[in-house]
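Q: The primary structure of each chain is shown beneath.
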Amino acid sequence: MSIIINHLNYIYDEDTAMAHPALIDVNLKIPDGQFIGLIGHTGSGKSTLIQHMNGLIKPSSGNVFFDNEDINEQGYDKKKLRSNVGLVFQYPEHQLFETDCFKDVCFGPKNLGLPQKEVELRAFEALEQVGFDATYFYQSPFDLSGGQKRRVAIAGVLAMKPRVLILDEPTAGLDPKGREDILNLISDLHKKMNITIILVSHSMEDVADYVERIIVMNKGRVAFDAEPRDVFSHVKELEEIGLAAPQVTYCMQELREAGFDVDTGVTTLEEAKKEILKAFGKC
Amino acid sequence: MLRDITLGQYYRTESVIHRLDPRVKIVGTFSFIISLFLVKNFIGYAIAGLFLVICIKLSNVPPKFIFRGMKAIFFLLLITMVFNLFLTPGEAIFSFWKFQITKEGIKLAAMMGIRLVFLITGSSLMTLTTTPNNLTDGLENLLNPLKKIRVPVHEISMMMSIALRFIPILMEETDKIMKAQMARGADFESGSLIQRAKSLIPLLVPLFISAFRRANDLAMAMEARCYRGGEGRTKMKPLIYKKRDAIGYLVIVLFVALVIVFGRILFR
Amino acid sequence: MKKMIRTDKLVFEYIRRDEEGNVEGITRAVDNVNLNVEPGQFIAILGHNGSGKSTLAKHFNALLYPTEGEVYVDGMLTEDDEHLWDVRQEAGMIFQNPDNQIIGQVVEEDVGFGPENMGVPTEEIWERVDESLKAVRMDQFRKSSPNHLSGGQKQRVSIAGVIAMHPKCIIMDEPTAMLDPNGRREVIRAARALNQVENITIILITHYMEEVVDADKVFVMDKGKVVMEGTPREIFAQVDKLKELKLGVPQVTLLAHELRKSGLPIPEPILTRKELVEALKACR
Chain W
2 MSIIINHLNY IYDEDTAMAH PALIDVNLKI PDGQFIGLIG HTGSGKSTLI QHMNGLIKPS
62 SGNVFFDNED INEQGYDKKK LRSNVGLVFQ YPEHQLFETD CFKDVCFGPK NLGLPQKEVE
122 LRAFEALEQV GFDATYFYQS PFDLSGGQKR RVAIAGVLAM KPRVLILDEP TAGLDPKGRE
182 DILNLISDLH KKMNITIILV SHSMEDVADY VERIIVMNKG RVAFDAEPRD VFSHVKELEE
242 IGLAAPQVTY CMQELREAGF DVDTGVTTLE EAKKEILKAF GKC
Chain E
41 MLRDITLGQY YRTESVIHRL DPRVKIVGTF SFIISLFLVK NFIGYAIAGL FLVICIKLSN
101 VPPKFIFRGM KAIFFLLLIT MVFNLFLTPG EAIFSFWKFQ ITKEGIKLAA MMGIRLVFLI
161 TGSSLMTLTT TPNNLTDGLE NLLNPLKKIR VPVHEISMMM SIALRFIPIL MEETDKIMKA
221 QMARGADFES GSLIQRAKSL IPLLVPLFIS AFRRANDLAM AMEARCYRGG EGRTKMKPLI
281 YKKRDAIGYL VIVLFVALVI VFGRILFR
Chain U
3 MKKMIRTDKL VFEYIRRDEE GNVEGITRAV DNVNLNVEPG QFIAILGHNG SGKSTLAKHF
63 NALLYPTEGE VYVDGMLTED DEHLWDVRQE AGMIFQNPDN QIIGQVVEED VGFGPENMGV
123 PTEEIWERVD ESLKAVRMDQ FRKSSPNHLS GGQKQRVSIA GVIAMHPKCI IMDEPTAMLD
183 PNGRREVIRA ARALNQVENI TIILITHYME EVVDADKVFV MDKGKVVMEG TPREIFAQVD
243 KLKELKLGVP QVTLLAHELR KSGLPIPEPI LTRKELVEAL KACR
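Chains W, E and U, in that order, give the protein sequences. For what it's worth, the working numbering labels the leading residue of the first sequence as 2, then goes sequentially. For what it's worth, the working numbering labels the leading residue of the second sequence as 41, then goes sequentially. For what it's worth, the working numbering labels the leading residue of the third sequence as 3, then goes sequentially.
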């Protein structure tokens with residue numbers, strides 16, 4: 002068991018007149034190696050939740066365990082935790098600061114107090130893992146395109162060699178090609194290096210295509226926590242909390258209503274194609 | 041949330057003081073502060089105190105909000121009073137080791153204390169009852185004559201209001217970048233002074249870049265909306281004096297006169 | 003009838019310099035673009051990041067001037083200094099980042115910013131602010147601080163700020179790129195309402211294909227050139243070409259395209275779910 006969240010509550014601006022709950026009794030188990038989608042509209046508490054997972058926010062009550070140790074206990078090594086649980090913030094390219102990309106990626110491992118050789122090796126590896134062109138290693142990150150900058154920023158977190166990687170809206174503001182590239186990159190990291198991934202996203206289509214488990218947050222609570230096809234079968238409830246199912250799921254439901262014999266639990270384009278062709282006896 | 045912090049801590053409510061023209065409040069506050077320095081005796085302070093209490097009462101701002109500002113200057117107040125208490129030469133009434141407390145010292149310390157407390161209370165009353173916007177508008181209007189000697193009054197006030205709008209945004213951004221760097225193992229809290237100063241680089245560089253980007257975007261957005269400086273600009277909310285503002289000015293003049301007569305001329 | 007916007011062989015180049023300020027090369031961001039926009043149309047410009055679409059858009063508001071060729075807004079040459087403020091008043095602009103285009107600290111004051119700059123009398127500013135906020139349905143937030151609004155609401159305030167200047171045309175430069183799905187819907191709905199109710203010409207620049215389905219005309223840009231031009235139906239019929247241009251296609255369109263490739267006789271293109279269901283029914 003990698004991360005366990007136990008009766009977690011968090012209250013914003015505690016002790017002031019503006020206090021309001023951001024997380025209410027959240028219980029989650031995140032085993033090693035899963036690819037999880039975390040969805041919920043703005044203000045549902047998902048950003049607050051992920052910041053608890055690497056100790057950036059202290060819970061108002063409840064616990065967060067990493068490898069069976071309470072991370073908020075006195076004397077727990079937060080730095081080690083942050084190297085194990087990597088967090089890539091929204092628009093991560095805005096945190097780049099060094100004069101060249103390579104140096105920027107070195108920042109994380111350097112903070113871990115590793116020897117210089119190890120630091121550089123890790124930076125090199127991380128940049129390779131994100132598919133960053135070696136000719137740009139020593140260029141200023143500020144001259145790169147949006148998608149490339151974001152790669153460097155993700156490499157900056159990967160260089161800490163995390164076992165769990167949390168990404169907050171990693172595709173925000175990118176064009177379709179950029180979005181696809183980044184999602185493929187994340188999926189590769191999951192497959193090749195067996196990193197646990199938690200992907201925070203607004204796009205149901207993106208989430209449905211990649212993840213094996215979806216956690217839906219609403220008003221600070223976990224509303225759903227299941228496989229994509231289970232979660233997206235609750236179309237009505239999802240819509241009530243301002244979310245939606247992937248377009249193809251709606252398609253299949255409408256086809257069913259029109260009298261086609263198709264499975265309405267379909268969440269990806271490939272599945273939908275197969276189902277429809279099956280209904281037409283084409284395969 | 042950081043976005044809720046507003047500079048100048050405006051307290052939203054209905055009152056005569058809130059409705060007063062910002063120019064009256066600015067002029068009033070300055071007159072009040074100046075009068076505090078003209079007063080020579082406690083009768084003057086009593087009058088000023090009474091005036092202040094009446095204004096607070098009229099403003100409908102809960103006194104605890106007004107005195108909250110006092111916490112920040114508590115140490116300044118203490119130091120000022122202690123220095124005055126011990127370092128004023130004169131007729132000693134109490135002494136130990138190298139220090140002595142004099143009669144003059146007590147009087148001076150008390151006066152300085154009252155002066156500081158009144159000064160802070162008076163100016164917080166102004167910021168609590170006037171929106172930052174109104175304040176900049178009022179200031180711009182009052183400083184208008186300086187345009188003749190080529191002081192860019194409009195530009196200064198535009199800069200002030202843009203700063204007021206972006207301070208909360210940049211504060212939130214600081215928090216975000218700080219957390220992002222902490223997630224990469226950065227440590228902003230421990231180490232020597234030099235180490236700590238150095239650890240701020242990963243925070244300050246992205247913050248400056250972001251501020252410049254925002255400034256650039258904003259300049260473009262302003263141009264796109266036909267902004268071309270103060271020339272020929274009209275106002276959505278022009279400052280217009282009403283009857284109550286005239287009364288306000290009258291009260292201020294009366295107050296200053298009263299303080300000078302009783303606090304300086306009649307009783308020395 | 004005068005064209006709302008007309009560009010004639012528009013070219014925009016900028017000079018890249020290295021750190022010492024030496025010329026490294028010249029980039030042609032917009033390359034020989036000829037484009038006509040009729041009054042009252044809803045136009046979409048598509049293209050991946052760096053295709054030159056934003057650079058093109060900035061020409062319509064006289065924020066940039068052509069290196070070669072000409073841009074006319076409502077018959078006025080944008081380079082004419084005499085018309086500069088008329089051009090900017092007639093062709094309003096909405097930008098990507100909702101935080102970086104709101105100037106006022108209170109919603110209504112921000113909406114009044116444009117009219118103030120134009121020298122509109124006070125009373126009329128209030129009327130304009132009222133009607134503009136109503137047009138984007140933000141009137142209940144008029145006294146709020148922009149910092150407390152959601153991204154979609156902020157963009158609607160920006161739109162109100164432009165409407166208050168009584169433009170004939172609004173250019174929206176990726177107004178939804180930084181928003182969540184709810185915010186995106188709000189903004190697109192507002193844009194469509196302005197087009198239909200107030201008859202304001204809308205030029206929407208985006209890379210979300212779902213948003214352009216209802217446009218009157220779509221231009222697709224790549225490497226500074228307009229490479230495709232037509233109704234959404236004509237554009238979406240070319241799924242493979244769109245993919246080549248690194249553009250995404252709505253999931254239903256893509257599904258229909260795939261089914262067609264697998265041998266189902268579905269007409270191209272399919273733009274909505276309803277169309278797909280109807281087409282499949284017809285196949286049965």
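Calculated from the structure, these hints are not laboratory results. Even for Gly, the Cβ is constructed at its ideal location relative to N, Cα and C. A portion of the hints provided could be inaccurate.
Said to hold, decoys possible - Derived list of chain U stretches under chain W, where covered just means 3 residues or more per stretch with a C-beta under 8 Å from a C-beta of chain W:
#1 44 to 58
#2 158 to 171
#3 242 to 251
#4 263 to 277
Q: Against this structure, judge whether each hint is valid.
A: Verification of the hints:
| no. | hint | in the structure |
| --- | --- | --- |
| 1 | 44 to 58 | holds (count 3) |
| 2 | 158 to 171 | violated (count 0) |
| 3 | 242 to 251 | holds (count 3) |
| 4 | 263 to 277 | holds (count 5) |
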